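Visitor: Chains as they are written, first to last, in the numbering used here: chain A, 2 to 135; chain B, 2 to 135; chain C, 2 to 135; chain D, 2 to 135.
Check each hint, because a few of them may be wrong.
As the list claims (entries may be wrong) - Pairwise CB distance ranges, derived in the manner of DEER restraints:
| no. | chain 1 | residue 1 | chain 2 | residue 2 | range |
| --- | --- | --- | --- | --- | --- |
| 1 | B | Glu-52 | C | Ala-19 | 28 to 34 angstroms |
| 2 | C | Ser-83 | D | Asp-21 | 47 to 53 angstroms |
| 3 | B | Glu-52 | D | Met-82 | 47 to 53 angstroms |
| 4 | C | Met-49 | D | Met-82 | 50 to 56 angstroms |
What the hints assert, rightly or not - Chain B regions said to be covered by chain C (calculated; three or more residues, Cβ under 8 angstroms):
| no. | segment |
| --- | --- |
| 5 | 49–62 |
| 6 | 93–104 |
Just so you know, these hints were derived from the structure itself, not from any lab. Just so we're clear, the structure is a prediction, and the values are computed from it rather than from any experiment. Heads up, the beta-carbon is just placed ideally off N, CA and C, and yes, glycines get one too.
There are 4 protein chains.
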Amino acid sequence: MPTISEMLSTHPGELFAAKDALSACVEACFECAQICTSCADACLAEEMVAELRYCIRTDLDCADICNATGRILVRQTQPDMSMIRAQLEACRAACKACGDECEGHADMHEHCKVCAQACRQCESACEKLLSSLK
Amino acid sequence: MPTISEMLSTHPGELFAAKDALSACVEACFECAQICTSCADACLAEEMVAELRYCIRTDLDCADICNATGRILVRQTQPDMSMIRAQLEACRAACKACGDECEGHADMHEHCKVCAQACRQCESACEKLLSSLK
Amino acid sequence: MPTISEMLSTHPGELFAAKDALSACVEACFECAQICTSCADACLAEEMVAELRYCIRTDLDCADICNATGRILVRQTQPDMSMIRAQLEACRAACKACGDECEGHADMHEHCKVCAQACRQCESACEKLLSSLK
Amino acid sequence: MPTISEMLSTHPGELFAAKDALSACVEACFECAQICTSCADACLAEEMVAELRYCIRTDLDCADICNATGRILVRQTQPDMSMIRAQLEACRAACKACGDECEGHADMHEHCKVCAQACRQCESACEKLLSSLK
Chain A
2 MPTISEMLST HPGELFAAKD ALSACVEACF ECAQICTSCA DACLAEEMVA ELRYCIRTDL
62 DCADICNATG RILVRQTQPD MSMIRAQLEA CRAACKACGD ECEGHADMHE HCKVCAQACR
122 QCESACEKLL SSLK
Chain B
2 MPTISEMLST HPGELFAAKD ALSACVEACF ECAQICTSCA DACLAEEMVA ELRYCIRTDL
62 DCADICNATG RILVRQTQPD MSMIRAQLEA CRAACKACGD ECEGHADMHE HCKVCAQACR
122 QCESACEKLL SSLK
Chain C
2 MPTISEMLST HPGELFAAKD ALSACVEACF ECAQICTSCA DACLAEEMVA ELRYCIRTDL
62 DCADICNATG RILVRQTQPD MSMIRAQLEA CRAACKACGD ECEGHADMHE HCKVCAQACR
122 QCESACEKLL SSLK
Chain D
2 MPTISEMLST HPGELFAAKD ALSACVEACF ECAQICTSCA DACLAEEMVA ELRYCIRTDL
62 DCADICNATG RILVRQTQPD MSMIRAQLEA CRAACKACGD ECEGHADMHE HCKVCAQACR
122 QCESACEKLL SSLK
């Protein structure tokens with residue numbers, strides 16, 4: 002299966018950011034969106050679901066924000082940089098909130114441990130891409 | 002058909018913001034997401050599509066951001082306010098960029114005129130909700 | 002705020018289906034997507050959340066399917082009818098499953114009552130549009 | 002970065018399908034969604050954009066359908082199999098339509114070549130998962 006990073010290299014125009022930081026952030030956003038969607042579902046299946054409401058809600062929000070951010074970063078044609086920067090800030094905030102929450106019970110739930118890792122890496126990838134855009 | 006605003010009144014918990022500002026923003030986000038998706042498609046069908054690249058791209062981005070924002074605003078259970086505020090800022094930036102672009106050729110394309118109206122109203126609804134959250 | 006049905010009238014090309022059946026289905030898909038997203042969140046806030054796992058899961062699935070279906074129906078430019086028909090079938094199946102579930106406890110939860118209505122209307126709108134396409 | 006396949010192994014309940022066919026299909030759906038989003042944007046940047054309208058439109062549809070399908074397949078908690086089967090059929094139809102189109106000008110556009118590969122693999126992964134569910 003081809004990857005989205007390989008795909009980005011086929012764009013007929015120029016990329017709006019350095020290839021490495023951009024690819025890393027695109028991949029992190031989509032992977033985090035998928036893992037948060039899965040974590041919300043795994044939390045829902047836990048016996049203690051009533052204590053995982055904030056985790057489920059934050060997972061769902063983080064998945065939505067990461068997915069939208071990934072889709073916007075994939076597009077290279079005539080980007081509006083103020084919109085992209087604002088969306089990267091929102092994605093960083095979402096990954097921070099969700100990573101903080103999942104980390105808090107990572108030793109109880111393997112899915113939250115994996116989700117916390119994905120959120121931290123996406124938070125960091127957003128930060129690096131944001132720095133490179135300034 | 003029931004509306005999302007009626008639905009919000011059935012939530013068993015408290016809403017995280019004033020009902021009016023929240024409902025108005027939720028409705029504006031979803032309507033704007035739909036209209037931007039439609040505007041991108043209408044631009045694609047225009048003979049002068051090659052001159053509408055920036056408009057199409059901005060429509061697609063704005064649709065993604067508005068849809069994610071609407072979904073997050075719909076959820077009332079234990080919200081993370083820093084994430085919500087950051088996403089509302091991103092949505093305001095997206096609607097500003099897309100509204101500016103569509104307004105610029107609103108007299109040539111009826112779909113861009115309608116889309117500019119939707120973007121302006123969503124931009125304003127995000128601003129009002131953001132002010133009310135401070 | 003302009004509506005998506007008004008927006009469809011501004012498309013420079015021909016609509017791929019009768020305006021009334023198409024508009025009704027587009028609106029039903031998006032409204033149902035929003036209401037299912039809200040119902041999942043309202044169920045999550047209920048004390049008896051542990052008994053609402055199937056409802057929450059089905060709400061989330063139905064929201065995803067309705068949103069994708071709505072976006073595809075909005076686009077009028079050179080449609081692939083086999084894809085559209087298959088997606089309408091999937092949307093009908095999703096609305097049936099979610100409507101059946103929500104109807105089952107509509108008298109206990111106002112949000113499930115509203116959600117069941119939205120699902121039934123979307124199921125019916127998909128059926129009507131499918132019939133009109135044959 | 003953890004992958005969605007690793008994440009699926011952490012679910013507290015049983016998977017609704019054989020792990021290999023399920024993981025392969027989930028990954029194919031999300032990868033295809035991303036690559037179709039990118040192909041639509043790359044086509045938009047081509048000089049001959051006016052001849053790529055059907056390709057762009059089909060890319061956008063296929064991205065929406067693959068993303069919704071991936072999200073539904075990720076969830077393991079109390080699935081409704083009739084909805085899942087119908088959505089897999091729609092995804093197979095979308096990947097067939099988009100793969101056929103992109104293959105047709107794969108020798109002219111590298112992005113369409115990569116996109117055709119992604120569509121074919123997703124089409125095949127949907128077929129295999131569908132067969133395994135019967």
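Visitor: Hint by hint, say whether it matches the structure.
Guide: Each hint tested on the structure:
no. : hint                                      : verdict
1   : B:Glu-52 <-> C:Ala-19: 28 to 34 angstroms : 32 angstroms, holds
2   : C:Ser-83 <-> D:Asp-21: 47 to 53 angstroms : 29 angstroms, violated
3   : B:Glu-52 <-> D:Met-82: 47 to 53 angstroms : 48 angstroms, holds
4   : C:Met-49 <-> D:Met-82: 50 to 56 angstroms : 25 angstroms, violated
5   : 49–62                                     : violated (count 0)
6   : 93–104                                    : violated (count 0)
When the structure is compared with the earlier hints, violations turn up for hints 2, 4, 5, 6 and for no others.
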